[in-house]
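Chemist: Residue strings, one per chain:
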Amino acid sequence: MSISTAPPTTASVGASPVTGPDPEAAAARAPRIRRRFAGLRIPLLFLAPFLLLFLAMYVLPILFAIGQSLFTLTRSGLGLTAPTLTFDPLANYARVFADTEFIASLGRVVLFGAVQVPVMLGLALVLALLLDSRSARGKSFFRLASFLPFAVPGVVAALMWSFLYSPVSSPINNFLNDSFGFTIPFFSDGFALWSVANIVTWTWTGYNMLIIYSALQTIPGETLEAAKLDGASAWRTAWSVKIPMVRPALILTTVFSIIGSAQLYNEPRVLQPVSGGSITSTFTPLMAAQAQVGAQNYPYAAAQSVVLALLVGVLSYGFFRLTNRGEK
Amino acid sequence: MSAVASAPRLAGRRAAKESSLTRSFGVTGLLLLSAFYFVVPIWWLIVASIKPAGTQFAGSGLWADGFGLFDNIARVFAVNDGIFGRWMLNSVFYAGTAAVVGTVFSAMAGYALAKYAFRGRGFIFGVVLAAVLIPKVMFTLPLFLMFNQIGLLNNPLAVLLPSIVSPFGVYLARVFAAQSVPDELIEAGRLDGAGEFRIFGSVSMRIMSPALVTIFLFQFVDVWNNYLLPVMVLNDSKLQPVVVGLVAWSGSNGQVPGGTVIVGAFLSIIPLAIAFLSLQRFWRAGLTAGAVK
Numbered sequence: 018m019s020i021s022t023a024p025p026t027t028a029s030v031g032a033s034p035v036t037g038p039d040p041e042a043a044a045a046r047a048p049r050i051r052r053r054f055a056g057l058r059i060p061l062l063f064l065a066p067f068l069l070l071f072l073a074m075y076v077l078p079i080l081f082a083i084g085q086s087l088f089t090l091t092r093s094g095l096g097l098t099a100p101t102l103t104f105d106p107l108a109n110y111a112r113v114f115a116d117t118e119f120i121a122s123l124g125r126v127v128l129f130g131a132v133q134v135p136v137m138l139g140l141a142l143v144l145a146l147l148l149d150s151r152s153a154r155g156k157s158f159f160r161l162a163s164f165l166p167f168a169v170p171g172v173v174a175a176l177m178w179s180f181l182y183s184p185v186s187s188p189i190n191n192f193l194n195d196s197f198g199f200t201i202p203f204f205s206d207g208f209a210l211w212s213v214a215n216i217v218t219w220t221w222t223g224y225n226m227l228i229i230y231s232a233l234q235t236i237p238g239e240t241l242e243a244a245k246l247d248g249a250s251a252w253r254t255a256w257s258v259k260i261p262m263v264r265p266a267l268i269l270t271t272v273f274s275i276i277g278s279a280q281l282y283n284e285p286r287v288l289q290p291v292s293g294g295s296i297t298s299t300f301t302p303l304m305a306a307q308a309q310v311g312a313q314n315y316p317y318a319a320a321q322s323v324v325l326a327l328l329v330g331v332l333s334y335g336f337f338r339l340t341n342r343g344e345k
Numbered sequence: 046m047s048a049v050a051s052a053p054r055l056a057g058r059r060a061a062k063e064s065s066l067t068r069s070f071g072v073t074g075l076l077l078l079s080a081f082y083f084v085v086p087i088w089w090l091i092v093a094s095i096k097p098a099g100t101q102f103a104g105s106g107l108w109a110d111g112f113g114l115f116d117n118i119a120r121v122f123a124v125n126d127g128i129f130g131r132w133m134l135n136s137v138f139y140a141g142t143a144a145v146v147g148t149v150f151s152a153m154a155g156y157a158l159a160k161y162a163f164r165g166r167g168f169i170f171g172v173v174l175a176a177v178l179i180p181k182v183m184f185t186l187p188l189f190l191m192f193n194q195i196g197l198l199n200n201p202l203a204v205l206l207p208s209i210v211s212p213f214g215v216y217l218a219r220v221f222a223a224q225s226v227p228d229e230l231i232e233a234g235r236l237d238g239a240g241e242f243r244i245f246g247s248v249s250m251r252i253m254s255p256a257l258v259t260i261f262l263f264q265f266v267d268v269w270n271n272y273l274l275p276v277m278v279l280n281d282s283k284l285q286p287v288v289v290g291l292v293a294w295s296g297s298n299g300q301v302p303g304g305t306v307i308v309g310a311f312l313s314i315i316p317l318a319i320a321f322l323s324l325q326r327f328w329r330a331g332l333t334a335g336a337v338k
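Quick mapping for you: the protein sequence lines, in order, are chains A and B.
Take 18 as the starting number for the first sequence in this note's numbering and just add one per residue.
Take 46 as the starting number for the second sequence in this note's numbering and just add one per residue.
Careful: at least some of the hints might be erroneous.
Okay, the calculated bits of chain A under chain B, using three or more residues with CB under 8 Å as the criterion [unchecked claim]:
#1 66-74
#2 77-85
#3 251-257
#4 266-280
#5 307-318
Quick caveat, the hints were computed from the structure, so don't treat them as lab data.
All C-beta atoms in this analysis are idealised placements derived from N, C-alpha and C, irrespective of residue type, glycine included.
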């Protein structure tokens with residue numbers, strides 16, 4: 018589009034030096050305008066494959082889901098005729114916020130995030146500081162060991178832990194029972210959420226530790242030397258110098274971990290069949306929405322997905338703004 | 046001031062040397078404890094895969110009494126006429142294709158965002174960043190609903206097309222292109238009369254190649270590990286990737302024995318483990334770039 022309009026524009030500007038009051042400025046303007054159009058064509062061609070697929074696979078589905086969520090599905094009492102769609106823009110959304118199972122799943126995920134994220138990041142920070150300290154030996158081994166769980170796909174990690182938790186053959190409980198005479202009820206109603214939290218912590222602690230550790234490595238040697246000359250202990254240096262200096266990395270890992278909690282799905286989904294009922298099919302919001310898809314309740318599932326995507330989007334955006342302001 | 050301070054410090058240094066030894070033990074001990082937590086479950090998985098069939102859940106699980114690895118592998122491949130091999134190939138196909146195409150698309154987009162000044166650049170990059178922050182999973186159910194409407198369910202494209210798009214890859218490519226491709230080199234290419242795409246293909250891509258490996262790896266693992274998308278859009282078990290197949294086995298109520306599921310899980314992580322261990326430095330490059338804002 019811009020290609021076809023470019024030549025006349027440049028031509029008319031190019032002609033202006035003859036009549037214009039300031040020929041020099043106009044001559045300088047001509048190539049600038051030509052460059053502006055040429056300058057849009059090339060980057061857009063570079064961006065086109067990504068942008069087109071992005072629009073088709075990210076933006077369009079969301080718009081489609083929003084559209085679908087504005088209709089309600091009515092099945093006739095006997096189910097003999099095909100269900101009919103009626104335009105009723107607010108019905109599904111009203112249902113989402115009155116859906117006790119969906120609200121309960123949201124609450125569960127909030128509780129999960131409030132406990133699991135601080136525990137995991139605290140652990141990651143302590144490990145990163147230990148690894149960064151002068152006294153640590155075998156650093157590359159420990160770095161590798163903590164990164165190893167991240168190499169296991171989330172679903173496979175959950176499968177593995179489902180066997181370690183197994184009510185009949187848990188090796189952890191066998192060991193605890195033989196040595197200390199007690200067992201952990203991994204799948205009891207109150208404990209199942211924390212069994213899930215352990216899997217998530219196991220998978221992501223090393224990853225977060227490496228991000229914090231890389232940030233620690235960028236602290237200039239002079240800064241640490243200065244702290245040492247001032248007689249600061251290792252503890253004091255860690256608390257007053259290192260932790261404040263890796264604040265951006267801590268914020269980043271916090272934001273990503275909170276967003277991760279909101280999309281909790283793989284681990285509870287894999288544990289569900291062996292949990293003996295403590296992990297329900299609506300344990301997390303995503304599982305609840307998927308259950309509605311399974312029941313072919315598409316408009317309602319669409320409404321749930323839109324609400325979820327919106328919540329996560331607002332959450333991410335909020336954190337993004339908050340952290341950006343904090344740094345300025 | 047330094048004279049006052051240095052006297053106690055000299056006296057303290059001997060004590061410090063002794064305490065540094067105990068501290069070293071303490072620090073290393075704590076690190077060992079964490080390594081134990083991280084490594085033991087994987088160790089258990091390896092040991093269970095080596096144990097003779099039927100004894101997977103016997104003993105402490107920390108040591109194998111007997112060797113049944115090859116027999117176990119044969120059992121995994123015997124289920125449903127070797128469907129497991131098919132799943133592994135599917136995973137390689139989905140993850141490989143999506144990561145190759147996606148890396149090229151991400152590199153082009155990131156390069157354009159880093160190296161050309163044009164109107165709307167800030168807006169597009171803002172959208173990419175927003176998409177990095179909203180997890181892919183959030184788009185999966187809407188994708189299913191859309192594919193259901195246009196009849197793309199049970200088609201490998203339903204997994205491939207969404208998997209090619211990687212906002213994080215674009216973000217990484219932009220960071221790497223801005224860091225590593227000098228403007229002078231692009232300018233020199235222009236003076237030599239090379240077109241913009243020629244410069245990108247033969248100069249910039251080559252300089253960015255270590256970064257492209259990183260982008261490829263992140264995307265490959267991302268697609269390999271994705272469970273929700275394939276389980277939603279693919280019904281036919283012959284089309285499914287290995288993670289979907291394994292979960293189906295584990296939820297089969299014992300139709301496929303637990304021991305076989307464990308060995309399958311072990312086999313499924315070998316390709317990724319190799320990619321991780323052999324390409325560690327590329328991982329770290331991606332992690333640090335992700336952390337720098």
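Chemist: Taking 8 Å as the C-beta cutoff, is the stated coverage of the stretch 266-280 of chain A by chain B satisfied by three or more residues?
Modeler: Our answer is that it holds, as 7 residues pass the Cβ test (under 8 Å) against chain B, meeting three.
Chemist: At least three residues with a C-beta closer than 8 Å to a C-beta of chain B: is that true for the stretch 77-85 of chain A?
Modeler: Held - the stretch 77-85 of chain A has 6 residues with a Cβ nearer than 8 Å to chain B, which meets the minimum of three.
Chemist: Okay, the stretch 307-318 of chain A and chain B, do three or more residues pass the C-beta test at under 8 Å?
Modeler: The restraint on the stretch 307-318 of chain A holds, since 4 of its residues have a Cβ under 8 Å from chain B and three suffice.
Chemist: Okay, the stretch 66-74 of chain A and chain B, do three or more residues pass the C-beta test at under 8 Å?
Modeler: Satisfied; 7 residues make the cut.
Chemist: Three residues minimum, CB to CB under 8 Å: does the stretch 251-257 of chain A make the cut for coverage by chain B? Let me know.
Modeler: Per the Cβ count (1), the hint is violated.
Checked against the numbered hints listed earlier, the structure breaks hint 3 alone; every other hint is satisfied.
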